[in-house]
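Student: The chain contents come next:
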Amino acid sequence: MNTQYIISGNNIRKEFKKFTLDLPELKIPKGYVTALIGENGSGKSTLLNILSGIRMDFKGQVEYFEGINSVDAEGVKERIGFVTPNDYYFPTWTIQQIEELSSLLFENFSREEFVSLLQELDVQTEGFGKKQKKISELSDGNRMKVMLAGVLARKTELLILDEPASPLDPLMREKLCDLIRTYMEDGAGERSVFFSTHNVTDMENVTDYCIIMEDGAIVEEGFVENLKEKYILVKGELDSYEKTIPHLVSATKSSFGFEGLALTEKMDALSGLNLDFETPTLSQMSVGIMRNYSKVV
Amino acid sequence: MKIMQNSGVPIYQQIADQFRADILSGKMKEGEFLPSIRGLARELKISVITTMKAYEMLEAEGLVTAVQGKGFLINAQDNELLREQHLRNVEAALTEAIQSAEIAGLSDKELKDTLNTLLMLKKEEQ
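Read top to bottom, the protein sequences are chains A and B.
The opening position of the first sequence corresponds to residue 5 in our numbering, with each subsequent residue numbered one higher.
The opening position of the second sequence corresponds to residue -2 in our numbering, with each subsequent residue numbered one higher.
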């Protein structure tokens, strides 16, 4: 597979008092949906804020759309749609004001598309021109819907979404996946999506590539189908635990047995230990890898 | 097309199996294209990479060819190969019938008679 990259980063570094984001290399494949997975505080939002141009105080280089070296270069922000759970819009704005400002800020913003998306997502748009709810008065879920509609109403080539699934209910999460797939289909290989999430299970069936971060560093990444061949889920009875554990990436034990994640290349060492094997889901893989690095007991 | 999320069979495998069956049975014909990768992903609510892996599998088997910028084209199927495939299906079905006959305590003659009767009925229908 000949992969091109929509974003390539080199030596991206941001130091905080107790935490450092340090990415020698970052590559986000073009034409795919990439998930950014990691524990709370692993640096996901910091990275997304850097890539979207919200955070300017960092070291290193980020290249966009193969050859553009700054998010502030002409036209770059026009081609990127960014959604964050934090206050990107002013809390006192109404949906109508967002609509008006978006069409001032972005040439490619379609008002009709915005209104039709809000209706599709069941966000109240009646009463335009009358007294309206402020963004701060909307529920978290509805605020996310308004922001998603805001970026999807524009003709962009890259969506950067910070935790889009978190505030949404299960039905709306499925809708979010549908919206992403439609966005990708309309782009015919020219569009890419990069999103962070804790809801790996809900987002698995839309994820092509995944990057797992721990404590400010990338600990694993790859196309999901390749990672599913790289890792294997191992289950066994307690009597084989001691012999198995040195070969595992991580494991959890109960009074009845244990379950862990292993590299498939360790299969030879694991044979004959009376174990059961299963292809892991993205969620099981992520948890297994994160557990290896986590300080959570 | 049906996709089972928890069947233990990888999703890419399920997709490849169903297209393979359609191609070998002649339901999908030479010169036609498989659905677009992103279109199928959206319809089946699966990721692009999974669809891609299924198509690459079919390509490796020689059933389809990737055409730059156009998609996956269904190849002319080797008739000899096709006949071989059908022959294997017949053998598998007959083997199953033999096993059922054993369980039911049917003699070889009774089993053959049953097959003959079924063949006769089939002819009468036509």
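Because the hints were derived from the structure by calculation, they are not lab data.
Warning: the hint list may mix true and false statements.
Unchecked claim - In silico DSSO-like links for lysine-lysine, alpha-carbon gap of 27 Å or less:
hint : chain 1 : residue 1 : chain 2 : residue 2
1    : B       : K120      : B       : K109
2    : A       : K257      : A       : K239
3    : A       : K18       : A       : K31
4    : A       : K159      : B       : K109
5    : B       : K42       : A       : K234
6    : B       : K67       : B       : K42
7    : B       : K24       : B       : K109
8    : A       : K159      : B       : K(-1)
9    : A       : K31       : A       : K234
10   : A       : K159      : A       : K179
11   : A       : K138      : A       : K81
12   : A       : K247      : A       : K270
13   : B       : K42       : A       : K179
14   : B       : K106      : A       : K179
15   : A       : K34       : B       : K120
16   : B       : K24       : B       : K67
17   : A       : K239      : A       : K270
18   : B       : K120      : B       : K106
19   : A       : K31       : B       : K106
20   : A       : K239      : A       : K81
21   : A       : K31       : A       : K81
22   : B       : K109      : A       : K34
23   : A       : K22       : A       : K34
24   : A       : K247      : A       : K257
Student: Take the hints in turn and mark each one as holding or not.
Tutor: Hints, verified against the model:
1. Of the supplied pair hints, the one linking B:K120 and B:K109 holds, its CA atoms being roughly 17 Å apart against a limit of 27 Å.
2. A C-alpha spacing of about 10 Å is found between A:K257 and A:K239, which places the hinted pair at or below 27 Å, so the restraint holds.
3. For the hint linking A:K18 to A:K31, the alpha-carbon distance of about 18 Å falls within 27 Å, and the restraint holds.
4. Proposed proximity of A:K159 and B:K109 is contradicted: the alpha carbons are some 68 Å apart, above 27 Å.
5. Note on B:K42 and A:K234: the hinted pairing holds, with a Cα-Cα distance of about 24 Å set against a maximum of 27 Å.
6. For a cut-off of 27 Å, the pair hint linking B:K67 to B:K42 stands: about 22 Å separates their Cα positions.
7. Between B:K24 and B:K109 the alpha-carbon distance is near 32 Å, which puts this suggested pair outside the 27 Å criterion.
8. At most 27 Å may separate the alpha-carbon atoms for a hinted pair to count; A:K159 and B:K(-1) exceed this at roughly 33 Å.
9. Pair hint A:K31 plus A:K234 holds up; C-alpha atoms about 20 Å apart against a cutoff of 27 Å.
10. The suggested pairing of A:K159 with A:K179 holds, with an alpha-carbon distance near 20 Å, which does not exceed 27 Å.
11. As the CA atoms of A:K138 and A:K81 are separated by approximately 26 Å, the hinted pair is consistent with the 27 Å bound.
12. Taking the CA atoms of A:K247 and A:K270, the gap is about 13 Å. The hint holds against a cut of 27 Å.
13. Between B:K42 and A:K179, the direct Cα distance comes to roughly 10 Å. Compliance with the 27 Å bound is thereby established for this hinted pair.
14. Distance check on the hinted pair: B:K106 and A:K179 sit about 60 Å apart at the alpha-carbon level, beyond 27 Å; violated.
15. Simply put, A:K34 and B:K120 have alpha-carbon atoms about 58 Å apart, too far for the 27 Å limit, and the pair is violated.
16. Restraint check for B:K24 and B:K67: the C-alpha separation of about 21 Å stays at or below 27 Å, so the hint holds.
17. Between A:K239 and A:K270, the direct Cα distance comes to roughly 14 Å. Compliance with the 27 Å bound is thereby established for this hinted pair.
18. Note on B:K120 and B:K106: the hinted pairing holds, with a Cα-Cα distance of about 21 Å set against a maximum of 27 Å.
19. With a CA separation close to 68 Å, the supplied pair A:K31 and B:K106 exceeds the 27 Å bound.
20. Taking the CA atoms of A:K239 and A:K81, the gap is about 48 Å. The hint is violated against a cut of 27 Å.
21. A threshold of 27 Å between alpha carbons decides the hint, and for A:K31 with A:K81 the separation of about 19 Å falls inside it, so the pair holds.
22. Using a Cα cut-off of 27 Å, the hinted pair B:K109 and A:K34 is violated, with the two alpha carbons roughly 61 Å apart.
23. Using a Cα cut-off of 27 Å, the hinted pair A:K22 and A:K34 is violated, with the two alpha carbons roughly 33 Å apart.
24. Only pairs whose Cα atoms come within 27 Å are accepted, and A:K247 paired with A:K257 is accepted, the gap being roughly 14 Å.
Against the hints set out earlier in the document, violations occur for numbers 4, 7, 8, 14, 15, 19, 20, 22, 23.
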